[in-house]
Structures are given as C-alpha cells and as structure tokens.
Amino acid sequence: GAGVSQSPSNKVTEKGKDVELRCDPISGHTALYWYRQRLGQGLEFLIYFQGNSAPDKSGLPSDRFSAERTGESVSTLTIQRTQQEDSAVYLCASRHTGGGGTEAFFGQGTRLTVV
Amino acid sequence: AQKVTQAQTEISVVEKEDVTLDCVYETRDTTYYLFWYKQPPSGELVFLIRRNSFDEQNEISGRYSWNFQKSTSSFNFTITASQVVDSAVYFCALRRDGNQFYFGTGTSLTVIP
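Here the protein sequences come in this chain order: A and B.
Sequence positions in the first sequence follow the numbering used here and run 60 to 174.
Sequence positions in the second sequence follow the numbering used here and run 8 to 120.
So here's chain A without its partners, still in its complex pose (with noise of 0.2 Å):
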C-alpha cells in the first residue's frame, strides 16, 4: 500500500478485555515496529521485527502484551486483560532494511480507551 495502515483508528474497552491491533506495512519493508504514547508523552519501544530474525521484545511491559508477524506483512499486538494504564496511542512503523540507515514510516496509531 501507499503507506503504513492500522486499524482500528480508535478502541474503547472494558477493563479486563482482550484487545488485538492491526498493522499492515508498507510493502517490501522489512523491518517493523510497535510503539506507544500515552497522552502528552515521548514514543515508548514496544517491540521490534526484522525479517525471519526472532524480534526484539524488550520493550514489552508485562506478559499481558503480545506482538506476532506473518512473514514480512501484517502485525498484530495483542493486550491480554486490558488494565486503564494501558490506554494510549498504539503507533507502528515500518522500514526498508536495504542500505542499514532508512528511516521508519509511522502508521496513524490506534487510539486504545480502557474505561
């Protein structure tokens, strides 16, 4: 596609609810990324997938988050037992690896409200 696309735009959950986010990429791009932004605050690193290489889940806040990607194309986060703190602005990213330096092209977010 033309560019990064996630859905939904916006969520509204019930605490203790399962959610699951969708990112598609930007076609042949490799490399993708899963941050978060709470309301007036930085970009916060979720999780990261680089091709067939096991991705970097460090940022993952607790075991309630998931992330999963099929092959080099659609990434779903999954948040297990939604909890108010977890709402925030879901944003994915994707990057074309050839040359090592590219830069990352963001997604609109999912807007995630857990009341």
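Possibly wrong hints are sitting among the right ones.
No farther apart than 20 Å at their CA atoms in a straight line, the calculated lysine to aspartate or glutamate pairs in the DMTMM-like style are these [unchecked claim]:
id, chain 1, residue 1, chain 2, residue 2
1, A, K116, B, D93
2, B, K45, A, E162
3, B, K45, A, E103
4, B, K10, A, E103
5, B, K10, A, D115
6, B, K10, A, E127
Counterexamples of contact, computed for chain A against chain B with all Cβ distances above 12 Å [claimed, not checked]:
id, residue
7, Q65
8, S66
9, K70
10, V71
11, G75
12, G87
13, R123
14, R128
15, V133
16, E144
17, R154
18, T156
19, R170
None of these hints come from the bench; they were simulated from the model.
Glycine residues also receive a C-beta, built at the ideal position from the N, C-alpha and C atoms.
Fit chain B to the known structure of chain A by using the hints.
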C-alpha cells in the same frame, strides 16, 4: 546504552522568528543514524530528515536546516522564519544498525501568529 535528550520541553515563538530545537545523543557505536520527526496535532509522525554518523554535512531544505556535530554529539534543527503550520511536537531519534529507534521526549513548538 543509547539515549537521546531533548532538553527543551516547550518553546513558543512569534511567527517569522527563527527557532532552534536541540538534540543531544549518546551512543558508543561508530555507525548510527539520526532522525527528526514532526508530529502535528493530527498525531501522525512525519519523517523530516535522516543523517548517517559518517556524514557530518549540514543540510538545508527550504526553511529547515540541520546541524550535525559529532564532537558535541548534537543534531540540532533550525526553522527559519517560522510559520503557524510549524506548530507541532518534534522528535529526535537515534538508531543503531539492526535495532530499534530511540526517541527523545520531544519538543513542543508553538508558533504564535
């Protein structure tokens, strides 16, 4: 460890003034990449510029210019003749080869008409 510091949390300028956004980074790697992103009120991050660690040439793009100095580990961003549309949060970021992006905490710029 990698770290990016944007000491300026908020800046307000009057339209047509010049403004410089500071970015200081830390890394032990010799190969790394620096970036600036803009986040307007709409929320989507927009890529502005990339710099490789081995290329210290400064760059100018219209009203935007970037000053990369390895000696001071700084990658500062200047907007000349600021406009209201420049109002946004600006993030500086660092990336090592094969790794995540490390973002600063952002500088919120308000341009007053």
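Please verify that the nearest CB of chain B lies beyond 12 Å from A/K70's CB. Since the minimum Cβ distance to chain B is about 15 Å, A/K70 lies beyond 12 Å and the statement holds.
Could you let me know if the closest chain B CB is still more than 12 Å away from the CB of A/R170? Answer for A/R170: violated, closest chain B Cβ roughly 8 Å.
Would the non-interface assignment of A/R123 survive a Cβ cutoff of 12 Å against chain B? At about 21 Å from chain B, A/R123 clears the 12 Å cut-off, so the statement holds.
Reported absence of A/T156 from the contact zone with chain B (all CB gaps over 12 Å): 8 Å, violated
Given the proposed pairing of B/K45 with A/E162, does the C-alpha separation stay at or below 20 Å? 13 Å, holds
Taking 12 Å as the cut and beta carbons as the points, is A/R154 off the interface with chain B? Nearest chain B Cβ is 9 Å from A/R154, so the label is violated.
Measuring Cβ to Cβ, find out whether A/S66 lies farther than 12 Å from everything in chain B. Fine: 14 Å to the nearest Cβ keeps A/S66 off the interface.
Are all C-beta atoms of chain B more than 12 Å from that of A/R128? About 15 Å separates A/R128 from the closest Cβ of chain B, which puts it past 12 Å; holds.
Closest CB-CB distance from A/Q65 to chain B, is it above 12 Å? 10 Å, violated
Minimum Cβ separation between A/G87 and chain B greater than 12 Å? 17 Å, holds
Proposed proximity, A/E103 with B/K45 (alpha carbon, max 20 Å): 16 Å, holds
Chain B versus A/V71 - minimum CB to CB distance exceeding 12 Å, so not interface: Per Cβ check, A/V71 is outside 12 Å of chain B; nearest 17 Å; holds.
When the structure is compared with the earlier hints, violations turn up for hints 1, 6, 7, 17, 18, 19 and for no others.
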